[in-house]
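Trainee: So the chains spell out like this:
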Amino acid sequence: MASYPNNVDFSTFAGRDSAGFYQADLDPNFTKISGNRAILEHVARRIMTPLGSMQDDEYGFDLRSYYNANLSRLDLMRLKSAIETEAGKVEGVENADVSAVQDSAGVVQIEISVTLADEETYPLVFSLSSGGIKLLPLLGV
Amino acid sequence: MPTTLESLRTPRTVAENKQAIYDRLMSPADPNTPAFTQAMSWETGSVPSALVEVESEAETEYQEAQKVVAEGNLLALAEGDALTAKVSEQWNIERSAGRYTTAYATLTDAANAGPLTFSQGSVSFSVGQGGLTFDGVNDGTTLVLPRGGTVAVKVRSKEIGASYILAAGTLTFFARGILPGVTCTNLTTWLTDGTAMPQGGTQSGCQQGSSATSDADLRAQAIAQWGTLGTGSPASAYEAWARASDPSITKVSVLTNLDLLRPGRVDILIAGDGGGLGAGVILNAQNAIAPLTFGGSKIPETAEAVVSSASNVTVIVQGTIYVRSTYNTTAFQANIAADLLAHQKEIPIGGLVSWERVLGVVQNRAGTGTGIIRNIDWTSPVVDLQMAYNQTTVFSLSLTFVSV
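In the order they appear, the protein sequences are chains A and B.
Read left to right, the first sequence gives residues 150 to 290 (the numbering used here).
Read left to right, the second sequence gives residues 441 to 844 (the numbering used here).
Just so you know, the hints here were simulated from the structure itself, not pulled from any lab data.
Be careful, since some hints might not be right.
Below, a list of computed lysine to aspartate or glutamate pairs in the DMTMM-like style, where the Cα atoms sit at most 25 Å apart [to be verified]:
#1 A:Lys181 with B:Glu495
#2 B:Lys598 with B:Asp657
#3 A:Lys238 with A:Asp166
#4 B:Lys738 with B:Glu529
#5 A:Lys181 with A:Asp166
#6 B:Lys785 with B:Glu534
#7 A:Lys238 with B:Glu483
#8 A:Lys181 with B:Glu493
#9 B:Lys507 with B:Glu483
#10 A:Lys238 with A:Glu269
#11 A:Lys181 with A:Glu269
#12 A:Lys238 with B:Glu493
#13 B:Lys526 with B:Asp655
#14 A:Lys181 with B:Glu483
#15 B:Lys785 with B:Asp521
Listed below are several chain A residues computed to face chain B (Cβ distance under 10 Å; list not exhaustive) [stated by the list, open to error]:
#16 Asp158
#17 Phe159
#18 Ser279
Since we're looking at a predicted model, the values are computed, not measured.
Glycine included, C-beta positions come from ideal geometry on N, C-alpha and C.
All chains should be modelled from the sequences, with the hints used to inform the complete structure.
Mentor: Encoded structure:
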């Protein structure tokens, strides 16, 4: 089981913009999170952290490197595989199923179905465009 | 832990600082402070773990800055910008940025293809393909190479540095703006102002290049400066004045009693990174110490100071080096040449050339293993060479690299 001080971590997806998407930043109120919420936030952090920026050499996959990318089907398959691998490294994640689609405007929609140890499945939905990366609200957590 | 100069000079790594923070979290000094005994197990990517990493990186950056500040205050330890600022403020010595070499290359219409008209700025020459490059000075000059004739082209080295001080007859490759049937070279007078040019007029604006003052040279200048405060001008004063007079002077030897009939005479021998120096540099040093040779504002009225250049002794560095093929690149060979130049710079006027050290310098880049340089058939030098009091060493490289 992942270790945190007093079994809680602090949220880094507490604020939302006007469209309802999460803003990735340390919550200034230090809102405590635990359990499934903490696991899902860790999945989100892992795929938004460039490899090498943490002292764990294997931590991170930078989704932002795909800004404005013209992705082929093979590229999307590789993206899917990379996200599934990174999500699977989070303690508490049993399985991660990823769907990645790019529309005609170049926006990449990534849906991660994360199955946790309690066998419940939660969706993480990212939208990647020239405007940045956006995370839809973590529903039901 | 008490703070000492040594502790300020040894910043801890991020990993070491991180461990120290975890140690404090798990075993706080204050017994009233709760201990986080599982701190080292905190999940990577969690906020507490990330805060510890941020703090450890910040501490390392701060300690590295402390090192610069602590060492920058001491002449023997300061480096780079800190040393430049220290000697400027405390000794009023400015670090020379080095100089370009400006000289004249000579083109010859060997194939009788002329007359050829071209812009001086359209040509460049180098020492062999990919070697040190000189560009034609782009000042709007148009040159005409007559049929079967010669013309002098004013050129400037691509970069600053003493490595651009070339022997005559080495600048023979057209790097840009090839003129068919035309050969190029640099004559022995290529750096001499006033030399008559084939097209008329005389050479002007020649300048021997010099490297930026190294940290070691800057420290030597600062230490020698103390002698200028003494009465009667000790040897270090002459050295300081000579070094300050021209940036191309990097070696100084101050001698007395060379002429027993002139006991008050001081001989100041100078040399640069590339060996002996020309009349212009000698004059600069002479004027800086004693323009009239006797007396003046710096030396006693009864003293005589004569500046001269050390004479070059060419030491041929020759051998066949068997290099593993993947390492036998132009860059590797250039590194060895640069190492030998650096060693040459360190040999003082009247110093000893140790053949074992020269051979060691050639092998320096290969480390202690056998995977890079497999073997060396060494030809020269094979004995130690003691320079005379007025001689300075100039290496002539004749190294053959064979891929194995």
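Trainee: For every hint, state whether the structure bears it out.
Mentor: Status of the hints after comparison with the structure:
1. A:Lys181 with B:Glu495: Roughly 21 Å between the alpha carbons, so the hint for Lys181 (chain A) and Glu495 (chain B) holds.
2. B:Lys598 with B:Asp657: Within the cut-off at roughly 24 Å; holds.
3. A:Lys238 with A:Asp166: 29 Å, violated
4. B:Lys738 with B:Glu529: 23 Å, holds
5. A:Lys181 with A:Asp166: 20 Å, holds
6. B:Lys785 with B:Glu534: 21 Å, holds
7. A:Lys238 with B:Glu483: The given pair, whose Cα atoms are some 11 Å apart, holds under the 25 Å limit.
8. A:Lys181 with B:Glu493: 20 Å, holds
9. B:Lys507 with B:Glu483: Measuring from Cα to Cα gives roughly 33 Å; hence the hint is violated.
10. A:Lys238 with A:Glu269: 18 Å, holds
11. A:Lys181 with A:Glu269: 22 Å, holds
12. A:Lys238 with B:Glu493: Answer holds: Lys238 (chain A) to Glu493 (chain B) is near 20 Å, not above 25 Å.
13. B:Lys526 with B:Asp655: 12 Å, holds
14. A:Lys181 with B:Glu483: This hinted pair holds, its Cα atoms lying about 15 Å apart.
15. B:Lys785 with B:Asp521: OK: Lys785 (chain B) and Asp521 (chain B) at ~22 Å, within 25 Å.
16. Asp158: 5 Å, holds
17. Phe159: Where the cut-off is 10 Å and the nearest Cβ of chain B is about 4 Å from Phe159 (chain A), the hint holds.
18. Ser279: Hint on Ser279 (chain A): violated, closest Cβ of chain B at ~27 Å, above 10 Å.
Checked against the numbered hints above, the structure violates hints 3, 9, 18; every other hint is satisfied.
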